[in-house]
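Chemist: From first to last, the protein sequence lines stand for chains A and B. Heads up: the first sequence at position 8 corresponds to 8 in our numbering, and the numbers run straight through without jumps. Heads up: the second sequence at position 167 corresponds to 402 in our numbering, and the numbers run straight through without jumps.
Hints in this document: simulated from the structure, not taken from any laboratory. Quick reminder that beta carbons are idealized off the backbone N, C-alpha and C, glycines included. Be aware that one or more of the hints could be misleading.
[Said to hold, decoys possible] Far from chain B by the CB rule (all over 12 angstroms, computed), these chain A residues: (1) Ile2; (2) Asp108; (3) Trp131.
[Unchecked claim] Okay, the calculated bits of chain B under chain A, using three or more residues with CB under 8 angstroms as the criterion: (4) 248-256; (5) 320-333.
[To be verified] Computed cross-link-like contacts, PhoX-like style, restricted to lysine-lysine with a CA-CA straight-line distance of at most 20 angstroms: (6) A:Lys7 / B:Lys313; (7) A:Lys25 / B:Lys380; (8) A:Lys7 / B:Lys380.
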Amino acid sequence: MITCVKKAFIDIPATKYYKYHGLIKPCNIQPDPVCFLTYDTGEPWGPPIERTFSAYYDVGWNYSDFNYTDAHDHVSGGIYGPYIGQSKEDFGGGLFLYQFYRMGVVWDTVILPWDCRILSAIIQLTITDKWSGVLFDVVVRNGMPNFPHITDHIYDYYYDNYWGDFGRNTITSPGSFEIQLTEMGCLLINKDGYTKFALISSHDIDRVTPILNDTIAINGLSSFIKLKVVYQEVI
Amino acid sequence: MAKVDRITGENIERFRGKVDFYLWKGQIPVARSWPKKPSPPYTALQAEAMAAFSITCSLMRRLLPGILLAWQIGSEGKREQWTDSFKGLGMKYWKLNRGISPVAIDYAIIDYGLTFKVKWTVLQVYLDGVTPEEITEVVSDIITKADLEKTEIPIYFTLLDDTGTRLIAPYIGMEI
């Protein structure tokens with residue numbers, strides 16, 4: 001677009017004359033002089049900037065019970081390594097132990113300008129182990145501002161602390177693994193402090209009973225848990 | 236339309252439904268074919284034009300007070316009201332681009348002392364009725380006041396698209 005500056009008495013109507021049935025008649029019109037100065041006008045955002053954050057803190061929570069629903073809905077869990085998924089262990093005699101693994105990740109994103117516009121964000125992880133052939137999605141859920149905490153906290157395990165689907169991707173063989181945040185997920189990135197998400201198995205969310213050890217292990221080193229943000233600053 | 240010598244009651248009754256007699260501007264007796272209201276089915280282009288006109292008219296309600304005042308000031312003393320200009324610009328744009336013109340629903344001057352920028356808030360609505368509307372802020376390059384001080388006043392600014400077609404934005408008087 002162009003902002004155009006015109007020099008004229010635009011507030012005084014000009015007169016156009018025309019002939020009609022042999023009569024010359026005047027007609028008031030708004031003058032439309034040419035622009036004598038023009039200025040390019042575009043969105044007030046600078047070029048895209050990419051910034052990658054390493055995790056400030058990451059944690060896994062785990063809980064197990066012989067009753068699937070009790071284990072799933074338990075309000076607290078043990079502090080564990082960075083695993084995501086659920087498992088079923090046969091104890092014989094029709095007795096099965098169900099275990100749930102959920103993960104919390106925190107990045108310190110305060111360095112982002114408070115008025116920037118986030119274009120996209122990707123969570124980058126590394127899967128180190130995958131035990132069963134069952135495929136599920138790793139789903140990004142939100143519990144901010146309270147959950148998860150930025151230190152070990154057993155009540156962060158509780159399923160109802162988290163909600164939504166702000167990005168998901170189906171697990172792969174061990175190796176690098178990315179989850180693109182949705183538009184709403186990008187809005188959740190905290191420019192004033194910590195950005196925190198829970199990573200939960202889609203089968204856990206959908207209450208699909210596990211078959212075996214339907215779990216993946218994540219490299220818990222902070223430099224392997226990244227949040228790549230592409231944003232624009234106001235010019 | 237054709238000029239006639241005089242209009243008589245006899246002629247009016249005789250040609251009712253076929254020829255319409257009236258005084259053009261209350262002075263000149265003229266005759267024209269009996270007016271007919273176009274009735275459906277319209278052509279696709281007519282239907283699109285009607286939709287464009289309807290949408291453009293509805294956008295007048297979206298103007299914020301600052302720019303509405305600029306529109307009203309701009310039409311003072313003119314035969315054409317600002318609403319006519321608004322609709323006219325919208326239909327001119329549609330004729331050229333077959334779409335709804337972006338509408339400046341607000342503006343602000345960002346003053347830096349010796350220079351300033353014009354910030355426009357632009358509403359883009361789409362004719363298909365499916366694509367969600369977009370509101371974006373666009374900012375002009377830096378305008379140096381010294382460049383304008385040399386110019387004879389009054390001066391105005393408005394918003395054009397990249398091809399130089401005027402978008403739906405008023406002429407806004409500039410005070411340096």
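Chemist: Hints the structure violates: just list their numbers, smallest first.
Modeler: Per hint list: 1, 4, 5 and 7 violated.
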